[in-house]
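Since chain A is already given, all that's left is putting chain B on it; use the hints.
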Amino acid sequence: MEGRAETNAPPVLAPWDPLLYLPKVTEQEIAYSRGFLRCLPQQWFPGLALQWLTLTHSLGLEVKFSGVTTTVTPNISSRDVYLAKIGQEEIAVALDEESALLLTNAIVPGAPDEMSRVIEEYLARRLLTSLIVGWSGPEAAPMIFQGPVPFEKMHAIGAVVLNVSVNGFSSTVTVLLSQRIVEQLDGMWRRQLRSTLVERRSPGALDLELTQLAVKPAALSDYATSGTMIDLEIPVSDTVEVRLGAQEAYAARLRIIDKEFVIETSPQIPAKLSQPEGTVKVALRFGSFRIESGVAFAEMLQPGALVKTGVLVSDSVGLIVNNEQISSARICVFDQRFAITVE
Amino acid sequence: MASDALQTLPPRERVLAIVAALLDGIEAESYLGTDLQGSSLGRIAGEIACLPIEIRIPLLGTILRRCIRELRASKNKRGVA
Numbered sequence: 001m002e003g004r005a006e007t008n009a010p011p012v013l014a015p016w017d018p019l020l021y022l023p024k025v026t027e028q029e030i031a032y033s034r035g036f037l038r039c040l041p042q043q044w045f046p047g048l049a050l051q052w053l054t055l056t057h058s059l060g061l062e063v064k065f066s067g068v069t070t071t072v073t074p075n076i077s078s079r080d081v082y083l084a085k086i087g088q089e090e091i092a093v094a095l096d097e098e099s100a101l102l103l104t105n106a107i108v109p110g111a112p113d114e115m116s117r118v119i120e121e122y123l124a125r126r127l128l129t130s131l132i133v134g135w136s137g138p139e140a141a142p143m144i145f146q147g148p149v150p151f152e153k154m155h156a157i158g159a160v161v162l163n164v165s166v167n168g169f170s171s172t173v174t175v176l177l178s179q180r181i182v183e184q185l186d187g188m189w190r191r192q193l194r195s196t197l198v199e200r201r202s203p204g205a206l207d208l209e210l211t212q213l214a215v216k217p218a219a220l221s222d223y224a225t226s227g228t229m230i231d232l233e234i235p236v237s238d239t240v241e242v243r244l245g246a247q248e249a250y251a252a253r254l255r256i257i258d259k260e261f262v263i264e265t266s267p268q269i270p271a272k273l274s275q276p277e278g279t280v281k282v283a284l285r286f287g288s289f290r291i292e293s294g295v296a297f298a299e300m301l302q303p304g305a306l307v308k309t310g311v312l313v314s315d316s317v318g319l320i321v322n323n324e325q326i327s328s329a330r331i332c333v334f335d336q337r338f339a340i341t342v343e
Numbered sequence: 001m002a003s004d005a006l007q008t009l010p011p012r013e014r015v016l017a018i019v020a021a022l023l024d025g026i027e028a029e030s031y032l033g034t035d036l037q038g039s040s041l042g043r044i045a046g047e048i049a050c051l052p053i054e055i056r057i058p059l060l061g062t063i064l065r066r067c068i069r070e071l072r073a074s075k076n077k078r079g080v081a
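So the protein lines, in turn, are chains A and B. When we follow the numbering used here, the leftmost residue of the first sequence carries the number 1, and every step to the right adds one. When we follow the numbering used here, the leftmost residue of the second sequence carries the number 1, and every step to the right adds one.
To be clear, the hints were calculated from the coordinates, so they are not data collected in a lab. All values derive from a computational prediction rather than experimental measurement. Heads up, the beta-carbon is just placed ideally off N, CA and C, and yes, glycines get one too.
Per label pair, the in silico range of CB-to-CB distance: (1) A:Gly147 x B:Lys75: 17 to 23 Å; (2) B:Pro10 x A:Phe65: 33 to 39 Å; (3) B:Ala5 x A:Asp113: 22 to 28 Å; (4) B:Lys75 x A:Val149: 19 to 25 Å.
Straight line, CA to CA, 30 Å or less: simulated DSS-like cross-link-like pairs of lysine-lysine: (5) A:Lys153 x B:Lys75; (6) A:Lys64 x A:Lys85; (7) B:Lys77 x A:Lys153.
Residues of chain B clear of chain A, computed beta-carbon distances all greater than 12 Å: (8) Ser3; (9) Asp4; (10) Ala5; (11) Gln7; (12) Glu47; (13) Cys50; (14) Pro52; (15) Ile53; (16) Glu54; (17) Ile57; (18) Pro58; (19) Leu59; (20) Thr62.
For reference, chain A alone in the conformation it holds in the complex (with noise of 0.2 Å):
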């Protein structure tokens, strides 16, 4: 990738705001999202699927768990959760209205209003028990059903969302849970990452950049002039890259806390840097942060994880060359691509 600098030609150009394009996250996002909002719960809960078997068999229904997904923003629509506690923990089922008509018309089709509650509650109590029934982590207190509460009354910071297909329609099913409940899973999932670690140390630093340019040594010298228009050909978006030396780039998405730039780890791999050969690169860089050790490494490498990256943030990156600082320049938005402006 070679950058176009267009020194005489009238650039239309308009600034690139990074608290304009780039959503914003919250801390307690950032804390679970290396456990327990990358956790896998089905994991720990191995015979649950077999608890409903014979019920969903003998009923003549087609169940399918479609998708497990944790969230600590829960999106709750109904009026009340069917609440439990295990000792001082609460955790409770949730069923959207359509959901809760969809289960219950499965199981007694037609029933009259009165009649669904009742069936609705039942499998909820029924869901509570086979999840207690199928819990393979370590032992739980006692769970005591406690009733259908409304969802403002339950202390829910997290929640694990099942999508269930019944006879081809999909429902969706909320199991909500406490802080205590959420730190646990977090805690599991986190200690199950550390126990397949073989490299331990920190990496070091990481660099966080826009992206890097190839560039002829001749134009060298208009990354270094305040004034230059360079546009960078590559559409406007939050990706970033996250390189460490050399050789290892990982891809992810700009987030931002406070005055922070926060990465989100991406799943793709960032497109190597075509260099033709006399070309000298040139990295567009927010700046540079430290990760503490190798399992904080290993935690930020899952897709989604969230890291705080204490680099300001800013709509400014410094162009860096063979590690020195050439110049600094503005991000600005040209015509719906990235463009810089040389300070």
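Then chain B, alone, in the frame of chain A:
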């Protein structure tokens, strides 16, 4: 007798015990045994699930219809009030 014990429950809990017994049989006891009010709901569901099948289905069907009528009547009464 199991059906007498069932009659001691409020209408909604009666429906719950019947639904549980019809869907899960004796297993219903464990699914309803974690109740805040104690284990009687689960025990009753387990007992009615053990009734002979020739009695169980017609008896539970009759009680269920009666319970639904009661629930509907009390809902209507609340609606009028």
